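Can you join these two chains into the complex? Each is in its own frame, and there are hints to help.
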Amino acid sequence: EADIYQTPRYLVIGTGKKITLECSQTMGHDKMYWYQQDPGMELHLIHYSYGVNSTEKGDLSSESTVSRIRTEHFPLTLESARPSHTSQYLCASSAGRHTEAFFGQGTRLTVV
Amino acid sequence: EDQVTQSPEALRLQEGESSSLNCSYTVSGLRGLFWYRQDPGKGPEFLFTLYSAGEEKEKERLKATLTKKESFLHITAPKPEDSATYLCAVNPGSARQLTFGSGTQLTVLP
Chain S
1 EADIYQTPRY LVIGTGKKIT LECSQTMGHD KMYWYQQDPG MELHLIHYSY
51 GVNSTEKGDL SSESTVSRIR TEHFPLTLES ARPSHTSQYL CASSAGRHTE
101 AFFGQGTRLT VV
Chain C
1 EDQVTQSPEA LRLQEGESSS LNCSYTVSGL RGLFWYRQDP GKGPEFLFTL
51 YSAGEEKEKE RLKATLTKKE SFLHITAPKP EDSATYLCAV NPGSARQLTF
101 GSGTQLTVLP
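Chains as they are written, first to last, in our numbering: chain S, 1 to 112; chain C, 1 to 110.
Hints were generated in silico from the structure; no laboratory data involved.
What you are looking at is a predicted structure, and each value in this text was computed from that prediction instead of being measured.
One should not assume that every hint holds.
List of simulated lysine to aspartate or glutamate pairs, EDC-like, C-alpha gap at most 16 angstroms [stated by the list, open to error]:
1. 68/C with 56/C
2. 42/C with 38/S
3. 42/C with 3/S
4. 42/C with 30/S
5. 68/C with 17/C
6. 57/C with 100/S
7. 79/C with 39/C
This is chain C alone, in the form it adopts within the complex (with noise of 0.2 angstroms):
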């Protein structure tokens, strides 16, 4: 069965301390990994897109990293503006839809 499992389930930084938000996955033939932003009562914000393990993309404050076996979020010197939920999604390749996982609720403190 496929799984995406999300850690940890809260995070409170300071700003500018810099942290990485992890996401695991188990699935029968990744087709890609998806990176989403969620601020209360809004859609999912998407972000990044990864499709083989070694892979990164940027994004102002944000990086995101594959493996075969997890991706990292990291988020480097954040700021307020940077408080939201961090939603990972995996397209296996056996499914037709996304997996998402249950977030990481960020806040950053001032």
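Pulled out of the complex, with its shape left as it was, chain S reads as follows (with noise of 0.2 angstroms):
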């Protein structure tokens, strides 16, 4: 069973504020990744890192950011948050470059 957490689980928050989704793991991955996902479509990869004080955006442009201080610690900030955001945001990391991802539970976030 993977050991990666995501809090929170839903998020309501108004036009304007800034946010912070959380993501822990306890495997010791050095990979880690935040994806975006729609009801009913496709993830998309907004940001990855591949260890401490690494970090690269993704396929999908995203106004969002990360930092990697740690090794399982990797945060996503919304500096403003508007309509637009509103989507699910899962975490996942992988003890490689070439093998399986495990995900989290997701944050589902409403900007309203």
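The structure is reproduced here in structure tokens:
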């Protein structure tokens, strides 16, 4: 069973607020990822990290930012939330570049 | 360009009615093909990894197979609790992250 945790599970927030979505894993994985998924749609990679102090943008353009100060922690921040940011955000980690990724339960974000 | 196509988009089966889901891929240098199960509102749950053509993996009622161009997820005598969206993802050798298909939504009726 994967040990990767996301908080909060659900978040409803007003436009213009700053938010941070938390993601932590206890597997010691170097690789971590953030995906965005709208209902019934594909997963799109928005950020990834191959280790501490290493972050890259994914294929899908996003106004969010990430940091990787500790191996186990990969938070995602939106400086000013907008209704277009409403979506499900999924965090994942993997041991290697070509091995399976394990996902958290996701954060369902609604910006009103 | 790396592409993953899953079919059918949706599949309804009667309990006990076996079937297969398809994942076709076009990638440069496959470094792994992954199957996931996703329940509504939750994160994908890892099922299988396949690395080379001819490889097969089994777990309970599920069996995944891989050829050079596609993968199949065979479901034998499914039960209602197998209802979920099944996702296929590939890891191309040239890319740094997984490329996901759009999934097959499976409904098993009692």
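Going down the list of hints, with the structure as the test:
1. With a C-alpha separation of about 13 angstroms, the suggested pairing of residue 68/C with residue 56/C holds against the 16 angstroms cut-off.
2. Simply put, residue 42/C and residue 38/S have alpha-carbon atoms about 12 angstroms apart, close enough for the 16 angstroms limit, and the pair holds.
3. Pair hint residue 42/C plus residue 3/S holds up; C-alpha atoms about 15 angstroms apart against a cutoff of 16 angstroms.
4. Restraint check for residue 42/C and residue 30/S: the C-alpha separation of about 23 angstroms exceeds 16 angstroms, so the hint is violated.
5. Among the hinted pairs, residue 68/C with residue 17/C is inconsistent with the structure: their alpha-carbon atoms are about 28 angstroms apart, more than 16 angstroms.
6. Between residue 57/C and residue 100/S the CA atoms are separated by roughly 14 angstroms; this keeps the pair inside 16 angstroms, and the hint holds.
7. In summary, the hint linking residue 79/C to residue 39/C is supported, as the alpha carbons are separated by about 15 angstroms, within the 16 angstroms threshold.
Of the numbered hints stated above, those contradicted by the structure are hints 4 and 5, listed in ascending order.
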